[in-house]
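Asks: Each chain, letter by letter, is given below.
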Amino acid sequence: MAVTGAVLLVFVVTHMLANLKIFVGATALDGYGRWLHSLAEPALGHDGFVWIARVVLLLCVALHITAAVQLTRRAHRARPFRYRHRRPVLGGYAARTMRWGGVVIALFVVYHVLDMTVGVLNPNGIAGQDYRDITASFGRWYAAAFTMIAVLALGPHIRHGLCGALRSLGVPIGRGRRVVDAVAIGVAVTVTAGFLSVPLAVLTGMVR
Amino acid sequence: MRFTLRIWRQRDRDDTGAMVSYPVDHVSPDMSFLEMLDVLNEELVRRGEEPVAFDHDCREGICGACGMMINGMAHGPQRATTACQLSMRHFADGDTITVEPWRARPFGVIKDLVVDRSAFDRIIASGGYVSVPAGSAPDAHALPVSTSSAEASFEAAVCIGCGACVAACPNGSAMLFTAAKATHLGLLPQGQPERYVRAAEMVRTHDELGFGGCTSMGECTAVCPKSIPLDVISRLNRDLLHGQP
Ligand code: SF4
Ligand code: FES
Numbered sequence: 056m057a058v059t060g061a062v063l064l065v066f067v068v069t070h071m072l073a074n075l076k077i078f079v080g081a082t083a084l085d086g087y088g089r090w091l092h093s094l095a096e097p098a099l100g101h102d103g104f105v106w107i108a109r110v111v112l113l114l115c116v117a118l119h120i121t122a123a124v125q126l127t128r129r130a131h132r133a134r135p136f137r138y139r140h141r142r143p144v145l146g147g148y149a150a151r152t153m154r155w156g157g158v159v160i161a162l163f164v165v166y167h168v169l170d171m172t173v174g175v176l177n178p179n180g181i182a183g184q185d186y187r188d189i190t191a192s193f194g195r196w197y198a199a200a201f202t203m204i205a206v207l208a209l210g211p212h213i214r215h216g217l218c219g220a221l222r223s224l225g226v227p228i229g230r231g232r233r234v235v236d237a238v239a240i241g242v243a244v245t246v247t248a249g250f251l252s253v254p255l256a257v258l259t260g261m262v263r
Numbered sequence: 099m100r101f102t103l104r105i106w107r108q109r110d111r112d113d114t115g116a117m118v119s120y121p122v123d124h125v126s127p128d129m130s131f132l133e134m135l136d137v138l139n140e141e142l143v144r145r146g147e148e149p150v151a152f153d154h155d156c157r158e159g160i161c162g163a164c165g166m167m168i169n170g171m172a173h174g175p176q177r178a179t180t181a182c183q184l185s186m187r188h189f190a191d192g193d194t195i196t197v198e199p200w201r202a203r204p205f206g207v208i209k210d211l212v213v214d215r216s217a218f219d220r221i222i223a224s225g226g227y228v229s230v231p232a233g234s235a236p237d238a239h240a241l242p243v244s245t246s247s248a249e250a251s252f253e254a255a256v257c258i259g260c261g262a263c264v265a266a267c268p269n270g271s272a273m274l275f276t277a278a279k280a281t282h283l284g285l286l287p288q289g290q291p292e293r294y295v296r297a298a299e300m301v302r303t304h305d306e307l308g309f310g311g312c313t314s315m316g317e318c319t320a321v322c323p324k325s326i327p328l329d330v331i332s333r334l335n336r337d338l339l340h341g342q343p
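As you go down the protein sequences, you meet chains Y and E in turn.
Just so we're on the same page, the numbering used here is the position in the first sequence counted from 1, plus 55.
Just so we're on the same page, the numbering used here is the position in the second sequence counted from 1, plus 98.
No lab work stands behind these hints: they were computed from the structure.
Just to be clear, a hint being listed does not mean it is correct.
[As the list claims (entries may be wrong)] Which stretches of chain E does chain Y cover? Using the computed rule of at least three CB atoms under 8 Å from a CB of chain Y, they are:
no.	region
1	124-136
2	159-171
3	258-270
4	283-290
These numbers were taken from a predicted model, which means no experiment stands behind them.
A virtual CB, placed ideally from N, CA and C, is assigned to each residue, including glycine.
If we strip away everything but chain E, and leave its shape as in the complex, we get (with noise of 0.2 Å):
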C-alpha cells in the first residue's frame, strides 16, 4: 500500500510549525498505524532529514503513551482502538493522511507529534490516590467489595491515560479522564476517606490547569480506547455535590 501522508511538523515547543506532505511507499495492511510511520522515518533517516517525532512504548494498547489526530479523529477511525493498534488495513490503497498532535493548551507541543501530558500527573497528584497504612499485606478478603463495584470500579480504571479524551472534546475538557481516575477509587472501600474532597480537589486542578468545562458532547466517550462511558462523569459529579457544604 502507499499513502501520502500529511504530517505536522514542530521542531521544538517555540517553532510555529506546519503542515508537510510526505509520499509513503511499501506499506504492508498489516502493519500498525505506528509501523507505518516507522516506515516513514527510515526513509527520512536515509535521507538525512529528521524523522518524525511521536510517542510511543508498548504498542499493544496499554500504556497510553501513542496518540494522535489521524483524519481530525483521535486515535484514528477505529473505535476502542490506540493509534498502535491500529491498522493499515482500515486504510484505502493511495489514501491522504493527516496527522497531527493533540491540541490543548495545557497540552503543549514538545516535537512534532509529541505532547506534553504532565497536566494530567497534576491533576492525578492532587487527588488520585489512596492513603493506606503501611505494614503487612492485609488479608485477601478483609474489605467485602460487591460484584456491581468492583465492575463498575474496573470499568473506569482501564483509562490509560492518553488524552484522545481532551484532544476529541470540543471545549478541550479533561473531565472523562478526570472521571475515571477519581471514581475508580471512589467506588472501592480504600477509596472512602478521601471521596469527597478527592473529587474537588481534581476538578479543581483540572480547571486551574486551564481545560475546558464539560457540556456533555460525548466525544471523549466517542473516541476513548477503552470506552469509558460518560457515567464516570456523572458519578464525579455525584461526589462533588455530595461534598459540597
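Isolated chain Y, as found in the complex (with noise of 0.2 Å):
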C-alpha cells in the first residue's frame, strides 16, 4: 500500500506541475507533451518512456487495489456484528473517505485516459493537440464538475495515505507526527489547488 502510493503521489505530484504548463500557454503545454513521448527515444524508441511508464503506473494502481480490498474484506471478517449505537469518536474525514474516495478516484482515472489520452470521449480528441483537448473537456460543465469531484477526493485521500504509508515505514513518533502531518496537509493542499486551477481556468474563460 506504501510503496504502491509512493509511486502513485510522485506520478500525480508530476502531472500537476506539468498541468500548469497551460498558464504559460499552448505551446508550451504541448511542447511538454511532445518533449515526454520523445523522453530517452535513442534507447527507448519513440513512446518508448511513456508505455514504461504507463505499465508502471497501472501495476501499481492494480496492486494498490487489491490491497484496498484485501483490508476491506479484512475489516469485515474481523467484525461480522455491527454495533446498534455506533458513534465515531475521532474518525477524521480523510480517515473515513479513504475507500469511496478511493473508488471516485479509480472511476475518474477510467474516464480521464479515455477523454485525454485516448481521446474517444474527447470532442477534440487529436494526438499532441494537448491544449485544445483540455480546453474542448473542460469546456464542457459536467466534465468539468467530474473532475473537480475527483480532485477534492483525491486531497484528503493524499492527506491520510501520506500519514499511514509513513506509519507503516515506522517514520512519526512523538514531535515527529506533527511534521509528518503538516507535511501532508501541505502536500494534499498543494496537489488539490493545482489540479483544480486548470479546470476552472477553463470555466472562467482565464484559458481558451
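Using the supplied hints, reconstruct the complex from the two chains, each of which is provided in its own coordinate frame.
Replies: See below:
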C-alpha cells in the first residue's frame, strides 16, 4: 500500500506541475507533451518511456486496489456483527473516506484516460493537441465538475495516505507526528489546488 | 438520577441475543457506570430475573477487566477513562444509554456484555515476553536505560489489555494493543535479544487470529483508557521492517 501509493503520489505531483504549463500557453503545454513522448528516444524509441511509465503506473494501481480490497475484506471479517449504536470518536474525514474516495478516484482515472489519452470521449481528441483537448473537455461543465469532484476526493486521500504510509514505514514518532501531519496537509492542499486550477481556469474563460 | 438502559442480552455463546430496555432509578451522580449496573442487577435479582453479566475486577482502572460500548463509544464518553471509573454525572438525568459488548470476531460474546479476550493472551504468548537467565537478582544499576527509552517504554507498558482499541477500530484491528505490548519490551535492554522476532511473531499471531489490518484511523488511541499513542504502531512497524531479510 505504502510503496505503490508513493509511486502514484510522485506521478500525481509531476502531473499536477505539468498541468500548470497550460497557464504559460498552448505551445509550452504541447511542447512538453512532445518532449515527454520523445524522452529517452535514442534508447527506448518513440513513446518508449511513456509506455514504461504507463505499465508501471497501471501495475501500481492494480496492486494498490488489491491491497485496499484485502484490507476491507479483513475488516468485514473481523467485525461480522455491527454495533447497534456507533459514534465515531475521532474518525477524521480523510480517514473515513479512503475507501469510497478511492472508488471515485479510480472511476475518474478511467474516464480521464479515455478523455485525454485515448481521446474517444474528447470533443477534440486529436493526439498532440493537448491544449485544445483540455479546453474542449473542460468547456463542458459536467466534465469539469467530475474532474473537480475527483480532485477534491484526491486531496484527503493523499493526506491520510501519506500519514498512513509513513506510519507503515515507522516514521512518525513523538514530535515527528506533527511534522508529518503538516507535510501531508501541505502536499494534499498543493496538489488539490494545482489540479483544480485548470478546470476552473477553463470554466471562467481565463484559459480558452 | 434515572435512566433507560438498552442493553445487549445474550444467554450464552450460541444464543442470537437482542437489545433489551430497562429503566433504572435511584442512581447517584457519584456512582460509577458499573455501580449503576449493580443497582440494575439488584433490581433484576429482586424480580427473579437474570442479572446482566459484565466483566469487572479492580474497579479502579488498572486491571483491564471491565469494558463495554457505552452509547457507541468504548468505555463511554469520557476520554482516558475505563467504564469502572466513568461516573454517572457525565450523563444527563433521563438519558437513554445503549450498552453493548465489544464486537470483533476474535472476541466472542460469552454472555451479555462479557467477551472472550483470550485472543490477547495468544498474542502475548507468541512474543510478548523476555527471556532472562534465572538466578540471583541482578544489581539494580547493572543495565543502564536512558530516560527517553524508559519513558517511551512506560508510556506503552501502561496498556491494561482491556480491548477497547479493538472494539473501537473500524477495521477490528488489535494493532494498538499488539504494538504497545511489543514495543514496551523492545525499548528496554532486556527486550533486545528477541526484539525483531517478537515484532514479527506477534503481528503474525494477530493476523492469524482474525483481527483486521491497521489503516491508521486513530480510533484506538482516542478511546484507549491509558491514552497509548499511535507512536507505538510506528515503532512496531520499524521493528518489523528491520527484522525483514
Ligand atoms: S492499547 Fe489501550 S485500549 Fe488497547 S488494550 Fe491496551 S489499554 Fe486497552
Ligand atoms: S474493573 Fe479493573 S479496569 Fe475497570
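Asks: Run every hint past the structure and note whether it holds.
Replies: Each hint, compared with the structure:
no., hint, verdict
1, 124-136, "violated (count 0)"
2, 159-171, "holds (count 4)"
3, 258-270, "holds (count 4)"
4, 283-290, "violated (count 0)"
Hint check: violations occur at hints 1, 4; the rest are consistent with the structure.
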